[in-house]
Amino acid sequence: EAGVAQSPRYKIIEKRQSVAFWCNPISGHATLYWYQQILGQGPKLLIQFQNNGVVDDSQLPKDRFSAERLKGVDSTLKIQPAKLEDSAVYLCASTLQREGNYEQYFGPGTRLTVT
Amino acid sequence: AQRVTQPEKLLSVFKGAPVELKCNYSYSGSPELFWYVQYSRQRLQLLLRHISRESIKGFTADLNKGETSFHLKKPFAQEEDSAMYYCALLAGRRALTFGSGTRLQVQP
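Chains L and D, in that order, give the protein sequences. According to my numbering, the first sequence is numbered sequentially starting from 946. According to my numbering, the second sequence is numbered sequentially starting from 1237.
Chain D with its partners taken away, still in its complex shape (with noise of 0.2 Å):
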């Protein structure tokens, strides 16, 4: 059965600092990563997918299947990003598997 494990519930860091979520699975197949967001009082939704290979808001995530990990990677945080991150593993009978979440907090 596929896993994902996110290790840190709070990561509080400085506005312009350097963020780095970190999100680690387990599958014996080749997954779809995905990263999803939820801001305060909104829905979750998708903030960017590895097959995309593309920057969303500032982000980037990059697949490792050796480390079998995909980190959420911001060089300048904003006070905008805080919000909690969802990282997700799409395999098999395609639901979602979903890590237990990061909260990241930008301080001003």
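Pulled out of the complex, with its shape left as it was, chain L reads as follows (with noise of 0.2 Å):
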């Protein structure tokens, strides 16, 4: 099966500009996860989304970041504006969650660099 695709892989910014970034996830997963990855951290989740509603979205920045998944398929991750700590992959995971199985499957990322 395809893995979960995201776009662009890298992304060069000066701060206070702003940055979308495209993610979709494996075909029939309901569940969508976006992580941020500081550099020397682990994945640390920013929102989760069950089809196209939010199950958790504490830990989003919602005074610049936002997210959306429409149809509950693809989805975008916004940054705006854009500071020198949001430096960062961003990654991008997507879970079946059926009879007990919530392996997640995770996207390449992007990497981030604000300037």
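By construction, these hints were calculated from the structure, which means they are not laboratory data. Where is the CB? At the ideal position from N, CA and C, for every residue including glycine. One or more of the hints may lead you astray.
What the hints assert, rightly or not - Over 12 Å on every C-beta distance to chain L, these chain D residues come out as not near it, computed from the model:
#, residue
1, 1249
2, 1281
3, 1301
4, 1304
5, 1342
To be verified - EDC-like cross-link-like pairs, simulated, lysine to aspartate or glutamate; straight-line CA separation at most 20 Å:
#, chain 1, residue 1, chain 2, residue 2
6, D, 1251, D, 1298
7, L, 989, D, 1244
8, L, 989, D, 1268
Stated by the list, open to error - If the Cβ cut is set under 7 Å, some of the chain L residues that face chain D in the computed set are:
#, residue
9, 955
10, 986
11, 987
12, 990
13, 1013
14, 1017
15, 1021
16, 1051
Build the complex from these two chains, which are given one at a time in their own frames, with help from the hints.
As structure tokens, then:
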């Protein structure tokens, strides 16, 4: 099966600019996650969707970050305006969440550098 | 809130030596624990989960609820095991809480 797709793979922007990332999960996976991974740290959840509804966005900095999954398939994550501390790898993951199988499949990530 | 701690940032061993990557967690309920691995230039992928009680690529991990640990072990390290290893906990709303990771370096 095709894996989780993300684009772009790399992005360099200046602070105060805006940026958007795209994710296409594995077909049929109802649950989609966005994680932020800062250098030297493990991934940290930003937002979790179940179909097109938000399950958990408690760690999303809502003053600058937004995410949507309008048709319950692909998703976009936006940062506006970006700060230096937003430099990180943004990972998208999806899972089937059926019959106790919660294995998350990860995309390759988007490496964001804010200068 | 749950927390996962991996105390070692880097573990360097020689080929054929035993490996133990440490993971401790804190969570008030019954967690599901996982080990994820990221090889160079590859995406993060599941290595093993505690409920499966299986050995993958020679690695095993036992959940010790008394010590709240889920250490990853392999009796004889191979060079191809060199990678970044993350311990993760699944609880509540079904999003993973990750440790900070341990880089395993297996020298020839």
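Check on residue 1281 of chain D being off the interface with chain L, judged by Cβ distance over 12 Å | Contrary to the label, residue 1281 of chain D does not stay out of reach of chain L, its closest Cβ about 7 Å off (not over 12 Å).
If you draw a straight line from the CA of residue 989 of chain L to the CA of residue 1268 of chain D, is it 20 Å or shorter?
-> Cα-Cα ~17 Å, so holds.
Closest C-beta approach of residue 1021 of chain L to chain D relative to 7 Å, hint status | violated, 19 Å
Restraint satisfaction for residue 1017 of chain L [CB to CB of chain D, less than 7 Å] | Violated, because the Cβ-Cβ distance from residue 1017 of chain L to chain D comes to roughly 17 Å (cut-off 7 Å).
Claimed clearance of chain L by residue 1304 of chain D, with the beta carbon kept past 12 Å = holds, 17 Å
Does the claim that residue 1342 of chain D lies off the interface hold, with its Cβ farther than 12 Å from every Cβ of chain L?
-> holds, 21 Å
Answer holds if the nearest beta-carbon of chain D is closer than 7 Å to that of residue 1051 of chain L; otherwise answer violated.
-> holds, 4 Å
Can the hint on residue 986 of chain L be confirmed by a CB-to-CB distance to chain D that is less than 7 Å?
-> holds, 5 Å
Holds or violated: is the Cβ of residue 1013 of chain L closer than 7 Å to a Cβ in chain D?
-> violated, 18 Å
Against chain D, is residue 955 of chain L within 7 Å by beta-carbon distance?
-> violated, 13 Å
Check on residue 1301 of chain D being off the interface with chain L, judged by Cβ distance over 12 Å | With a cut-off of 12 Å, residue 1301 of chain D remains clear of chain L, as the shortest Cβ separation is near 19 Å.
Per-residue hint verdict: residue 987 of chain L, partner chain D, C-beta under 7 Å = holds, 3 Å
Comparing the model with each earlier hint shows violations of hints 2, 6, 9, 13, 14 and 15; every other hint is respected.
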